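*Asks:* If you read the protein sequences in the order shown, they are chains A and B.
For the first sequence, position 112 matches number 112 in my numbering, and the numbering has no gaps at all.
For the second sequence, position 226 matches number 226 in my numbering, and the numbering has no gaps at all.
These are calculated hints, taken from the structure and not from any lab test.
Be aware that one or more of the hints could be misleading.
Just so you know, same-sequence chains aren't split out, so a pair can sit in one copy or run between any two.
Said to hold, decoys possible - The list that follows gives simulated cross-link-like pairs (lysine to aspartate or glutamate, EDC-like), each with its CA atoms no further than 20 Å apart:
hint : residue 1 : residue 2
1    : Lys-48    : Glu-19
2    : Lys-58    : Glu-86
3    : Lys-219   : Asp-192
4    : Lys-219   : Asp-118
5    : Lys-58    : Glu-19
6    : Lys-62    : Glu-86
7    : Lys-220   : Asp-104
8    : Lys-27    : Glu-16
9    : Lys-318   : Asp-334
10   : Lys-402   : Asp-192
11   : Lys-58    : Glu-16
Quick caveat: nothing in here was measured; it's all calculated off a predicted structure.
There are 2 protein chains.
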Amino acid sequence: MLVVQKYGGTSVGGLERIENVAKRVAKSREEGSDLVIVVSAMSGETNKLIDYANYFSKNPSKREMDILLSSGERVTAALLAIALQEMGHSAVALTGRQAGIRTDKSHTYARIETINTDRLNSEISNGNIVIVAGFQGINEKGEVTTLGRGGSDLSAVALAGALKADACEIYSDVDGIYTTDPRIEPKAKKLDFISYEEMLELASLGAKVLQNRSVELAKKMGVKIVAKSSFSENDGTVIAESKGENMEEVLVSGIALDKNQARVSLRGVTDRPGIAAEIFSKLADKSINIDMIIQNASENGTTNLGFTVPQNEIESAKEVMESFDHDLESADYDESVAKVSIVGVGMKSHSGVAATAFSALAKNGINIEMISTSEIKVSMIIDEKFAELAVRVLHEVYELDK
Amino acid sequence: MLVVQKYGGTSVGGLERIENVAKRVAKSREEGSDLVIVVSAMSGETNKLIDYANYFSKNPSKREMDILLSSGERVTAALLAIALQEMGHSAVALTGRQAGIRTDKSHTYARIETINTDRLNSEISNGNIVIVAGFQGINEKGEVTTLGRGGSDLSAVALAGALKADACEIYSDVDGIYTTDPRIEPKAKKLDFISYEEMLELASLGAKVLQNRSVELAKKMGVKIVAKSSFSENDGTVIAESKGENMEEVLVSGIALDKNQARVSLRGVTDRPGIAAEIFSKLADKSINIDMIIQNASENGTTNLGFTVPQNEIESAKEVMESFDHDLESADYDESVAKVSIVGVGMKSHSGVAATAFSALAKNGINIEMISTSEIKVSMIIDEKFAELAVRVLHEVYELDK
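Taking the hints into account, I'd like the entire structure generated from these sequences.
*Replies:* Structural data, given as structure tokens:
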């Protein structure tokens with residue numbers, strides 16, 4: 001059995017914690033697994049290096065940033081190998097280059113193109129625990145590249161895929177994926193299983209355990225992820241392909257909340273071809289991030305258009321809208337809304353899931369300002385002051401605490 | 001004109017200091033030089049990483065130490081490149097591998113075997129200031145190696161040699177090579193010039209500006225070194241091949257002092273073949289470092305043998321000597337002696353240089369316990385309490401303050 005384990009910055013955020021990780025790795029080894037361990041930089045280290053670079057430049061060159069930032073993971077990899085060797089285990093630390101991780105040319109946000117597993121396989125057959133510096137690779141020209149925030153997760157998933165590992169265990173300070181944020185709903189339950197698709201929706205809605213790129217890659221390569229805590233012995237959450245039976249049983253897997261939302265509603269927009277494109281191009285030019293977009297069917301030659309932006313971008317959005325004065329009747333802004341979403345693959349095959357949400361919120365006097373749905377998600381924009389209440393109401397109505 | 005500049009740990013020991021270095025580099029650039037800059041890790045960084053490793057193991061694996069320790073220089077190289085780019089200069093940071101530095105397989109104390117200058121030359125012709133992470137290379141298997149203490153000096157000299165640079169400027173917090181330690185003799189003068197041979201003697205006698213491996217390599221490759229301070233505009237000291245004229249002029253270049261010496265004198269050693277070898281083999285077995293060795297011509301079938309060891313190794317030396325009880329009449333130890341040395345290529349061709357030293361010390365009531373000479377050096381063991389006085393007396397008698 002070959003397992004890839006990835007330990008995040010908090011899990012290796014100090015020498016004692018690295019020792020704790022070494023003990024966990026040793027235990028897995030003693031239980032008989034071949035192991036490839038991917039490590040992040042010690043927590044705080046990457047930010048420290050970014051601060052260093054920003055001392056000199058607000059916009060430091062990305063190529064040099066990659067040489068700078070890739071050093072943190074090398075330190076952790078070497079230290080963990082040394083700790084394991086001292087415990088009597090054969091271990092070898094590999095840089096991204098030595099682990100055969102080849103990326104494209106995009107500095108600071110490179111994509112993994114191929115993994116040459118020769119060195120990895122030979123170290124594994126020599127009986128070594130292989131420790132890989134996460135977050136980094138080299139491109140075809142031998143330049144050092146990094147994979148962007150959350151890049152060590154990507155390294156781990158890609159290695160698990162290339163090595164056809166039995167599982168990819170992602171360790172952090174959270175012991176799995178929850179039905180919702182336990183700080184909002186103390187009855188939130190840890191999920192034993194969640195499908196890639198649901199995880200993708202939850203991640204894009206702010207669940208911080210795993211980022212979308214890693215989940216997408218895992219889905220593509222068929223890598224089974226287990227999200228676990230390095231500070232407990234709890235089982236964690238398996239993230240994998242959804243199975244038929246599960247779909248029947250679970251309608252809704254989780255409730256997500258994003259409070260950093262502001263709403264823009266445009267009424268009476270001239271319904272001429274390309275008007276929406278014009279509006280959103282202009283917003284993009286100003287680097288305003290659009291989240292939800294809804295458009296009603298037009299009537300009387302005009303249409304209604306609504307979208308949400310991060311709260312600190314609403315003023316810029318207002319400025320853009322003013323330039324469209326002649327194209328719309330009125331614009332309405334709400335700077336304190338929240339997006340609450342229900343996610344579940346079960347929705348695909350069950351009607352009425354969304355209706356349950358709408359009526360539960362209505363019963364509690366919560367008005368829904370915008371709705372957007374996908375096959376496995378329903379997102380609703382509501383007044384921000386009702387955000388936590390809405391999460392608890394929905395958590396209960398779908399019996400997620402059971 | 002192509003110049004290699006190397007900045008040591010103190011010179012880059014903080015963000016402001018790196019900025020200061022960037023300004024110096026920019027100035028050299030604006031004066032028209034092509035530049036290859038070699039940097040050390042920020043001061044304290046390498047020791048911090050060693051402490052980290054020692055938390056896990058007293059004897060960490062050297063291969064992993066190299067991955068660990070090589071990270072510090074990468075950070076400095078990236079930051080300096082970013083600082084220069086912000087000042088409007090084209091600059092590129094290269095790791096040891098990217099700079100083409102190929103070493104042998106000895107981890108933590110590798111020797112540079114070859115330098116492939118293709119990338120360096122192409123970056124230079126593209127108009128870039130090239131910043132190289134010092135102290136590191138890779139071996140033929142792609143393993144990361146480091147060059148040992150003072151390794152960044154070695155990187156700089158080797159690069160200067162491979163690129164046929166016009167000079168290799170070594171920047172530290174000292175502005176050159178002095179006739180003796182200015183803390184002992186305030187009249188000590190900075191030398192404008194010193195030969196490789198003299199520098200080798202001075203370095204082995206404790207002058208810390210340059211280590212012997214770098215000077216040896218510079219001599220071998222004919223690299224002109226200039227030792228300078230990064231904190232002043234002073235001219236520094238040129239270290240190069242000695243020239244005829246200089247030899248005539250300067251008898252003695254400097255006075256060196258080593259106070260960490262203890263003397264062992266053996267009287268009436270049985271003069272049988274191999275006895276000296278036996279004694280020194282046994283000392284070597286106990287890892288005792290021998291510095292000076294002198295042996296008098298034998299008389300009456302016995303000989304007198306003397307040597308010095310570091311003061312903290314004298315007890316171990318005594319133990320070894322006890323095992324030779326039957327081979328010698330008496331052993332005499334002095335745990336507080338000092339070695340004072342005069343160094344100068346001029347001695348080669350001038351007799352009487354040593355005699356001047358002996359009589360000057362005698363005039364001041366300083367007894368010489370042992371003497372050892374080479375072509376360009378005379379070392380004398382004296383009572384430690386006279387050490388500083390001896391340095392000043394010799395400094396004056398050779399008119400080094402003139």
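*Asks:* Does each hint fit the structure? Answer for all of them.
*Replies:* Going through the hints against the structure:
1. Lys-48 x Glu-19: Close across copies (17 Å), not inside one copy (22 Å); limit 20 Å.
2. Lys-58 x Glu-86: This pair counts as between: shortest inter-copy Cα distance 9 Å, intra-copy 42 Å.
3. Lys-219 x Asp-192: within (18 Å within a copy, 68 Å between copies)
4. Lys-219 x Asp-118: The answer is neither: 24 Å in one copy and 42 Å across copies each exceed 20 Å.
5. Lys-58 x Glu-19: Classified as between: cross-chain Cα gap 15 Å, same-chain 36 Å, threshold 20 Å.
6. Lys-62 x Glu-86: Between. Shortest inter-copy distance 13 Å satisfies the 20 Å Cα cut-off; intra-copy 37 Å does not.
7. Lys-220 x Asp-104: within (18 Å within a copy, 42 Å between copies)
8. Lys-27 x Glu-16: within (17 Å within a copy, 46 Å between copies)
9. Lys-318 x Asp-334: within (11 Å within a copy, 87 Å between copies)
10. Lys-402 x Asp-192: Classified as within; 13 Å inside a copy, 84 Å across copies.
11. Lys-58 x Glu-16: Intra 34 Å, inter 16 Å, cutoff 20 Å: inter-copy only.
Hint 4 from the list above is the single one not met by this structure.
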